[in-house]
Amino acid sequence: MTGPVPAIVGVGYSEVGRATGRTLLELSAQASRAALADAGVDARRVDGIVAHCFPHQMVAPSVLGSTIGVDELSFMSCSVDGPAFSMAVSHAVAAVTSGACTTCLVLRPVLRAGAAASNRAEAAQFDMAGTMPLLTPYGYVGGPHWAALYMRRYIELGCATEADFAQFAAVQRAHARRNPDALLTDPLSPEDYLAARMIADPLRLLDCDYPVDAASALLVVAGDRAEDIAEIPVYMAATSFAALGESEFPLVPDMQDHAMHRAARRLWQSCDFRPDDIDVAGLYDGFSFITLQWLEALGICEEGAGGKFVSSGATDLGGSCPVNTDGGAANVGRRHGANYYIEVVRQLRGECGPRQVRGARTGVATNAVGVFAGCSLLTTEPVN
Amino acid sequence: MDDGQRSAMLSMARHVEEFWQHVDDGELRLQWCRSCDRFQHHPRPVCRTCLGDDLTFRPIAAEGALYSWTVATAEFGSELVGKAPYAFGIVELDAQPGLKMVVGLDLADADRFRVGARTTLEIGPVVLRDKALVARLEAVE
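So the sequences go chain by chain: A and B. No gaps in the numbering here: position 147 of the first sequence is 134 in this note's numbering, and each next residue is one more. No gaps in the numbering here: position 100 of the second sequence is 103 in this note's numbering, and each next residue is one more.
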């Protein structure tokens, strides 16, 4: 890093729902407005916009800038490849740290309808390697199927049991029931999890995130300006990204040591914090096993002990490391990575009411699995 | 873009098409670099070791071990309606460490679905293709 560590000074969501009737641009404008209002920053001061989008659901930063009335941008990017929201975060951190811009909106808009490709033309846009014709004859469709393959191996290697995953779903729902913004808040027992529909053995419906229309935004600024803007700036002490030399999820060299593990190692190498310093964690739960693998990869629990750690109560409110205190994407909806950042920021600012982790000063937010992954160490301790 | 242009864009890369041609001819052949004497799968436009394009498809021993597996029960998309349950997995081939491929599994072998199960690949029907790779599994003790 060349400049001061960047800081998050604003967070916000659009309206969120199964079918909002809103366009991606409307949702993006709503989320931007919410993050700017949260920071108390005028849109005319924004000089950077970065977004991560599905390839067929792109929101152009230049169009969003024009929509919200920026004066001039000195940096923008729109990624369609990479680990969801954390890819946009990586761009923002690089841009702000290098001085390419000073005040950067970071967006992740997604529509539920069509988020999974609904026709061959859309599917081809996802098939960046052109290799889906080697997989589709076997009935392989992508997400839920690679997830099932990773989860099966994780279980058979002894890292978690079906009962641990049932407990994980129940713990996440208990978190969601303390979050007024959660969409799924009915009580959920481990038995309810086991009774849920099997998607691809061992992956059940309740191992998957909940698809919604949503846009999410952060406002990231150069750290030396953060204190003038925010009462409690949240510093991004480290942000790391890794992509493997294999782009197909089922074919990664090792399903127990992949991009996530590399990103996690690099995170600790690039800051002075240690796993023990983490008071609260937002760990990607696009599929449940991913959260358990992040616990191991980050060293929050021992290698091979993700399941036991969850079942011990450690990730509950009051446990040694509360995880996904908003309820996770399984319950707040698929914000595709942004909710981990936003919830950890709110925790570190002490804004979480009945789900507040007392005295939380340092947390971690993570995204994705397998071929690419990203994560950030977030803290209210001044690091500049 | 009209439909014709769109479907031209969606056509399979030649190296992907060639893999299936060999399977249709009853043979497991994987892309192999003459310079490096290495297989790669999925096939690529260049050798990922030397970046050369002296690539051909070469027969490979069809033995390996089951790396992971699943039984799909939900049906995604119109092509799969009425097709579930069906099973597939990942096999790591003995011939070159780390060389893996997605293959079909026969539900009749379901009691043998275990990570590490020894397997031989055969050419047979899978859920959406008459000729593809199917793993025959040995029982795990």
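Think of the hints as simulated: they come from the structure by calculation, not from any bench. Cβ atoms here follow ideal geometry from the backbone N, Cα and C, with glycine treated the same way. Incorrect hints may have been included.
[To be verified] Negatives, chain A to chain B, calculated, CB over 12 Å: (1) Ala6; (2) Val50; (3) Tyr127.
[Said to hold, decoys possible] Example chain B residues on the side facing chain A (calculated, C-beta under 8 Å, incomplete): (4) Cys39; (5) Tyr89; (6) Arg117; (7) Gly127; (8) Val129; (9) Val130.
Self-check item: Hint validity - Val129(B) Cβ closer than 8 Å to any chain A Cβ
Solution: 5 Å, holds
Quiz prompt | Given hint Arg117(B) near chain A, where the shortest CB pair must fall under 8 Å | solution = 7 Å, holds
Quiz item: Does the interface hint hold: is Gly127(B) within less than 8 Å of chain A, judged Cβ to Cβ?
Solution: 12 Å, violated
Self-check item: Least C-beta distance between Ala6(A) and chain B, which was stated to exceed 12 Å
Solution: At about 20 Å from chain B, Ala6(A) clears the 12 Å cut-off, so the statement holds.
Quiz prompt | Satisfaction of the Cys39(B) interface hint, Cβ to chain A closer than 8 Å | solution = 15 Å, violated
Quiz item: Beyond 12 Å from every Cβ of chain B: is that where the Cβ of Tyr127(A) lies?
Solution: 6 Å, violated
Self-check item: Closest CB of chain B to the CB of Val50(A) still more than 12 Å away
Solution: Check passes; 21 Å lies beyond 12 Å.
Quiz item: With a cut-off of 8 Å, does the beta carbon of Val130(B) approach a beta carbon of chain A closely enough for the hint to hold?
Solution: Hint on Val130(B): holds, closest Cβ of chain A at ~4 Å, below 8 Å.
Self-check item: Interface hint compliance - Tyr89(B) to chain A, C-beta minimum distance less than 8 Å
Solution: 5 Å, holds
Of the numbered hints stated above, those contradicted by the structure are hints 3, 4, 7, listed in ascending order.
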